[in-house]
Amino acid sequence: MRIERIRKEITKKGARVVADVAWEEHAAPPDSLVIETSDQFATDFQPSPDAFLLALFPIAQWRGEKRILVEGSICCRLRDGLSAASELFAIWHPHCRPIEMEPTAGFAPTVPRTSRRAASFMSGGIDALSMLRSNQLDYAPSHPASIRDCLLLHGVHVHDHDANGISADWLARFDAYRERMEIFARDAGVTLIPVYTNIRTLYPTPSSWSGIGYGAGLISIAHCFSSRIDRIKIASVGIGMRAMAHGSQPWLDHHFSTDAVSVDHEQAAMTRFEKTRVVSDWPEAMSILRPCFGSAVAEGAINCGRCEKCVRTMLALVALKKLDRAPTFPFDNVTAEMLAPVWIDDPFSLIYHLQCVDALTARGRLDLVELILRKRDAYRHWQRRQKILAAARRALGLGRGSSLQQHSQPKR
Amino acid sequence: MRVERIRKEKTRGGCRLAADVCWEDRECQSRVAVIETTDQFAGDVDPSPDAFLLALAPIAQWQGEARIHVDGSVCPRLRDGLAAATELFTLWHSHCRPMKIEPSGGFTPTNPRPISRTGSFLSGGIDALSLLRRNRLNYPGEHPGSIRDGIMLHGVNPYDHDGTDQRPERTSAFQSYTERMQLLAEQEAFTLVPLYTNIRTFYPHPAWGKIGFGAGIASTALCLGRRIDRIEMGSAGLRMRHRPEGSHPSLDHNFSTEAVQVHHADVSLSRLAKLRILSEWPEGLAVLRPCFGSVLRDDALNCGQCEKCIRTMVGLVALGMLDRAPTFAADDVSREMLEPVWIDGDNTLPFYTDCVEPLRARGRLDLVDLILAKTKAYHIWQRRQKVAAVVGGFGVLRGLFNVPLRSDRTA
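Protein chains in written order, with our numbering: chain A, 1 to 412; chain B, 1001 to 1411.
In isolation and in its complexed conformation, chain B is listed as follows:
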């Protein structure tokens, strides 16, 4: 892969950083990777080769590129971190092979800004909001670890683009959510920094979730080296049993440069523990937006139907707090609402199983029974997958065992 002509351009409402991306080992048209911001922050963003390298290295490796050539110089700390990350990807995904990093300007360390300043990503979901809240509880405002900038990203959700083009309705939904978040920013004394990127469109499914997510998001912060020297990324709430994924406690710190240190925060907290923190913070509940966003209507922040909405609502029911979350239309989760939700991975399962005991304590045995039934079905499916892997060499037997997960849905 070649990442060339890394540049900064003025746009009508602000500026954008862009790079031409050409594939070398696969038949694919060259495209432009973009990170944009508004006028207010145009002076704070730089066309950092580190940022574009980080954004694209995982997908280059995933797609079998032998090298990634970047115009400009790359920070040695990122070079070493990416060497570690690419080795991890090789261990996690057998088709990922080692890949060379070739910056045209060699390896030169970046410099942190003289005065420390911390930013965090702010999606509006549980992880980001609980991170902000906990930071406010732990750090006085003048401490260098206190979050001063909340970076809101547009373009990293699956529905933000239609192919490679922005979907106008998603862009306007993002803008209207930004206005709501602005109120929170004023209340909590941080600056909201909106960024738009198309990095996600370089990652075909499932590469974003598997290896791209953390690097893609962290890359945008590396453009902000003039403004921050530390970026906080909320953990997924799976603690240290987190299975390999694109953002992971073993991975994200490897995306640091000397200018911007990446910190995978709150790694020891479960999602339910984060929900508890958030449920005691009305200002956070007022903007809570965990939704995947696939079926949003009108001005609603959350659809209340997708897996992420349901998992969050189940957690809030377990804490007896759903009625205090104004961004959800429902005040309760019924068995019928939970029933269509799939538990289809080790990284989803704990979100539900962690709720079992608190739900039982609240007498919600209908939900407990359903979660346990889904857990059982998931384990059966897992065992069947293992058997399928063993008999995989025998074509006929494989068909008998490798039944798709959907047929395991609990009735």
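Looking at chain A on its own, in the form it has when it is part of the complex:
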């Protein structure tokens, strides 16, 4: 892969940094990676080679590129961190092979800004809001670790772009949500920085994004703001320290630091249920809470109330007896009928649901508990069957895609 012509351009609304991306081993047309922000933050925004390297390194490795050439110089700390990350990716995904970094101007450490300033990512979900709330409870506003800037990203969800580029419909929804978030940010004493990127379009499959790209993709954006911040906080996903191959992990994200911007993976040991408790005690956050995957959101609504993420969040709020105080959800209760269609089809989802079981039991919601436990059993049964099928495939010498793979989804 070659990352060339890294540049900053002034746009009508603000500024953007762009790089041309060419594949060397993978048969794909050249592309451009774009990161934009509004006028207000244009001067804080730099076309950092570190940012573009970090954003694209995982997908280059995923797609079998042998090297990644970057125009400019790369921070020594990021070089070392990416070497570590790429080894982790190779352990997690056997098809990922080592990849060489070749900056045209070599390796040189970046320099942090003289006065410290921390920022965080702000999606409006449980993880980001819980991190901001805990930060405000723990730190005085004058403390250098107090979050002063929140980056609100457009372009990291699968539906933000379609075959024709940016989805106008989703962009409008984002801008509407941004307006609400600006009021929230003002009340919370932080500055909201809207950022638009097409990074996700360079990760063609959900598995490449969630498997290795997610953390690097998000964090890369923060490196463009090194004249404004020297620290970026990214929230954990709320499963604790269990080792799972995922693009953002407590033992992965700090490797994406440079000397100018260090990366903290926050609240690593906190469960999603505990985070929901933190958020549920903050009415201002409840009024903008947006965990939704967003695929079925009605016009003007923030959450669909039906996707797995909405249901899992509502479930936790029911367990905390706080769902009626969450105005961004269309429901005040979760019934067994609402939970029944939700799939538990990955270990993360299983953990999130199981985190609610004790509290739901204590509230006497045995209908939901029973259903969660049934889904857990079905998931484990499916997992066992997958293991047997994999063993059978190996024994019969069948490759992937054989007919034995057709039962590859857990039962609803």
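These aren't lab readings, by the way, just hints derived from the structure by calculation.
None of the hints are false.
Just the calculated beta-carbon pair ranges, DEER-fashion: (1) B:D1025 x A:R97: 43 to 51 Å; (2) B:G1105 x A:E102: 50 to 58 Å; (3) A:L137 x B:R1113: 22 to 30 Å; (4) A:H381 x B:R1362: 49 to 57 Å.
Straight-line distance between alpha carbons at most 30 Å, and here's what the computed DSSO-like set of lysine-lysine pairs gives: (5) A:K322 x A:K309; (6) A:K309 x A:K387; (7) B:K1008 x B:K1100; (8) A:K66 x A:K8; (9) A:K387 x B:K1386; (10) A:K321 x B:K1100; (11) B:K1100 x A:K322; (12) B:K1376 x B:K1386; (13) A:K321 x A:K309.
Ideal Cβ placement from N, Cα and C applies to all residues, glycine included.
Assemble the complex: chain A is given as a structure, and chain B must be docked to it using the hints.
This is chain B only, laid out in the frame that chain A set:
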């Protein structure tokens, strides 16, 4: 556990930070944990509750304490990091249970010093010296990431104490090594900061290696928040395949406070790659001291016989550089020298297997054959352990399989 009366006291040659340590859930006498330094740095050390909490939390968890109470306030960043670390320990060691942290002064963030300054631990071994060398090659002197302080710790090696008392001969060996390191410090423009601690004596074998090592060492840096805001700890050279251990790429950054950030450095380098860096640095080779130090005689820095000496010498032979390492008495490693060395863990094996190809290229097939034979014996032993674990429920069968590693030594 209760960590109380955290205090700073003047001593004859400097000052010491001390805390009383009382166990709550196990029958054990209370003791005093100590971190000392010389007069020169007495103004830079603070009796930090964070430091004593970090030093003792792993052993409290290992020994089954339900809580750790600390006098004073604890930094929320360390609180969150220790929550992550204790969960990791629970995953790694089934007997470790969750443990509460209860500071009498609650959780209050510490503040970093206004001007950034970086320190690193400097044992004199491969990891620490290659870290320093690489830092010098990567960072200009005025960069905040450039190492300005080298912290030399006494008391963290197994032979530094006899029970709970310092061994005088080890203390004087440390002092004489400090003098040699002072020359390196002058050449490389950093300040040598000697610290003494008895933290290791709180960790019975094997708790130090399993969970205490990283926290115990990092804790001493947390006392230096006035002087540094970042501390570099050299990785073990096992890259990301490092098996769970007390200092680990997944662990050490969790020991940071807002005042002092802990960085597990050079995580992507193998031990052989580090040796290569060091072998091209004569000043580093002149003070190289990887030795476990159990059989040191006279003024020698390295015994040349322990596993760590042999592993380092094998690496230097593989690079064709052993004759340029003046701190080793031998200029070569013979088959007879390597033969008694055990490979007894996944974290030791790569140190030898990484050397196989360079040794082969140098025609040292005698060493290659022996390493491969030891590797094979180790794998056989591992398989046998797995079988033993499976049949563990059947007492008689267990005895048949669970043969101690020593009997697997290659002839």
